[in-house]
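Protein chains in written order, with my numbering: chain A, 6 to 164; chain B, 44 to 791.
No lab work stands behind these hints: they were computed from the structure. Note that this is a predicted model, so its numbers are computed, not measured. One thing to keep in mind: the hints can contain errors.
To be verified - Derived coverage of chain B by chain A (criterion: at least 3 residues anywhere in the stretch with Cβ under 8 Å from a Cβ of chain A; other residues may be distant):
(1) 126-139
(2) 280-294
(3) 722-732
(4) 740-749
We put the CB at the ideal spot given by N, CA and C, even for glycine.
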Amino acid sequence: MSIKLTVNGESRELDVDPEMPLLWAIRDHLELAGTKFGCGMALCGACTVHIDGQPTRSCITPVAAVAGKSITTIEGLATAAGKAVQQAWIALDVPQCGYCQSGQIMSAAALLGANPQPSDADIDAAMSGNICRCGTYVRIRAAVHQAAAGLVTPKPAGS
Amino acid sequence: MYARYIEEAGRAPGSASSLTRRQFLELTTLAGSGLTLGVLLPGCGSAGSGAGTAAPAAPLEMPFVRIAPDNTVTVISKHLEAGQGVWTGLPAIVAEELDASWEQMRVESAPAKVPLYQNNAFVPLGVHAQFTGGSTAIANSWEQLRQAGATARAMLVAAAAQQWGVPAAEVTVSDGVVAHAGSKHKASFGELAGSAAKQPVPAKVTLKDPASFKLIGREKLPRLDARAKSTGAQQYAIDVRLPGMMTAVVARPPRFGGKVKSFDATKAKAVAGVVDVVQIPRGVAVVGHDMWSAKKGREALEVTWDESGAEKRGTTQLMKEYRALARGKEALAVAQAGDADGALPHAVHRVAGEFEFPYLAHATMEPLTAVCVLGPDKCEIWAGCQMQTPDQYAAAAITGLKPEQVFIYTLAAGGTFGRRATPDSDFVSEVTSIAKATGGKYPVRLIWTREDDITGGRYRPLNFHRIEAGIDKDGKVAWRQRIVGQSIIKGTAFEPVLMKNGIDGTAVDGNAAKEYDLDHVHVSWNMPKVGVPVLWWRSVENTHTAYSKEVIIDELAQAAGEDPVAFRLKFLGKHPRHVGALKLAAEKAGWDRPFPKDKGRGRGVAVHESFGTVVAQVAEVTVSGDKITVDRVVCAVDCGIAVTPDVVKAQMQSAIGYGLSAALMGKITLTDGHVDQTNFHQYQVLRLQDMPRVVEVHIVPSTNPPSGVGEPGTPPIAPAVANAVRAATGIRLHTLPFDLAAARRASA
């Protein structure tokens, strides 16, 4: 069965088991390896992608469920929030082993896309599904705040 | 031939990152062994020099440094980068002596090759192997890479002097520019690389006076891998794609020590995409076109296991047996001074405790993965290898090839914490066995699922400690301790060199006898034989020895009515670095100011040396009901010269998170030999909301050569938190992970 979807702005067609998790379709068939396998049960967040803008765990999402939808992976992250997050990640040297960071960044980018000025509690809620065994959490929190600060644009005079 | 390591840093936007993975592979295929993508790709050169055009198109190639015509300086890392920052720290050492600019630095993994790339820290012990462990990467590379950098610098200077016809002594090097003031000549490293390569290698070079270091010790030296790891571009073993590559998963025995009796592959082979089902020494491998088919094939596979030799005990029973051993008289003496037995009855203040430590899984975020291509006279392996030499020998033994016919391409690892350093090369052996069993007809990638990982053993050993300690009227301490826990090195290739007089240091080191000046001390060990495979887990024995030591010393201070910091200092006369770290942590934490005890708040301290580095931590907690929240941690570390201080800080933060995970929630249990936890819903690990909001790291100024930082931040955090909880509640936490409700019941 052929499944059509849009990945990072490009139309793609997949001829795979419709039950195949999107994660493995992305990694093994679309050859985009930035999205990582961590648990296969939506417990760690390493596989986070955006589906129609919403952060989603691709490891439990059957590829058939995203037919016709628009998927963004770390390779295609281009929103203002996404760029700000990546810049903050690099500036603060957040990554250690780096393996979970694609998922962390996708979650953080989605958070800032929806809530440009999150509180610590908002960050806890949005990022609690992403595990980092290197314990980069202190810097993740700082980088989310730094990215949020960078997204603040002064309001035009008179508005 | 594929490039052995791909540093797809993409520092120049639109270079590597815009390539598809397939193009990327083709490029690296063309490149041939020894060249990196960074060198070949247009646009990957460093900014600014404009060297390329007129320069002689030849690199200066040395074992640890390559200076390319494009003005990049690539450091060849003999150590695995698994997050601990060696891809930044090792280049920093070279760049310092070379007077390079940080922007031109690159890094790539060394091939598996001894003695050239052996870990020199273990040579005095008789181990000649390339591996990364024991927090030794920076320490054992320090002199070696300073020499390498200084040698390359001298050759650049000699080349410049020759070209410009000026005395070498008048040539200067600064920030990546070679210059001669008198003649106003200037050149980049890239421009000089070709002629530098023709200069004789100097027999002796002068190293810098540390007082003149510019890069080493700089507060923030950006990590060389931060961009690739923030863009999804960093390649790990799990990301390797080779033409025609298949993916394998392995069905392993449900209990440790089980074996395959028979299997029926009919249903597995009926799964679309499954290409082979083969038996290997460790189980049955199902090979498919992709991960999904391999995984579904494994679910359909029917295996009958021979469990006659399997470990069938559960952890409750094991702990009961350990407790009985700890209370018995028979044990191996580990440390002995004075007369603990004779002195204890005369103590005016006494404390005692029995401590329980569970098995712990490393749970690296990248599950174990390796890729193997096996040919008639060559075996190639891609993996996040932590022990290249043992892995190379294991693959050679399996394939019947010579070790030098086994090529290991070390990629960045998605965490290790010790897990990828198995003396028997478990996952590398597996992938090689699968390649052999399938006749090498395709490249094969082995992936462990998270369930394979959590249930797969190689845990931090289960441990039971029993301590009795007391202090007499003259302030002399008597300390008697029994440690019961499996040996990590018994039965491995390391046993003959590392096991001394029947004692495994990786089971018992870091105990009070080594860490404090005690008048009467006796430490002994029981080594139970258990079929659960165990391994080093970030800071190894110190994960438990530091805990019982720092909790009991704190309880002793309390019993004596003394301040925990002041009390420790009385027994650290022979440990000036402990004193320095402890005082710094206390000062920065504001220890001398009263700490509010209301609202369930408490403050605790711990200090411990491991791997040549001393770390002290002060933890502040809030206890609400039975919930422990760690609010703030102040950490002081003495690691000699801090080569890259921000990486040191990152490692302390990381180690605190890793140790807290174990203290607050980490636990592997077994029932009748079956592991009870399978994935992160059962094997809980620290998440962002559990991390202390404030983690301050302070580095003790030092002129000593650097020691490691990957592990030493882990041991003190659990006891510091336990001591803080006791300060807040009076409850003693002697069982890990912390269960305050259970501890309250036990003390009632």
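- Mind checking, does the stretch 740-749 of chain B have 3 or more residues with a CB under 8 Å from chain A? violated (count 0)
- 8 Å C-beta criterion, at least three residues: is the stretch 722-732 of chain B covered by chain A: holds (count 8)
- Item | Residues of the stretch 126-139 of chain B with Cβ under 8 Å from chain A, three needed, outcome | Answer holds; 3 residues pass the 8 Å Cβ test.
- Are there three or more residues in the stretch 280-294 of chain B whose C-beta lies within less than 8 Å of some C-beta in chain A? holds (count 4)
Of the numbered hints stated above, the single one contradicted by the structure is hint 4.
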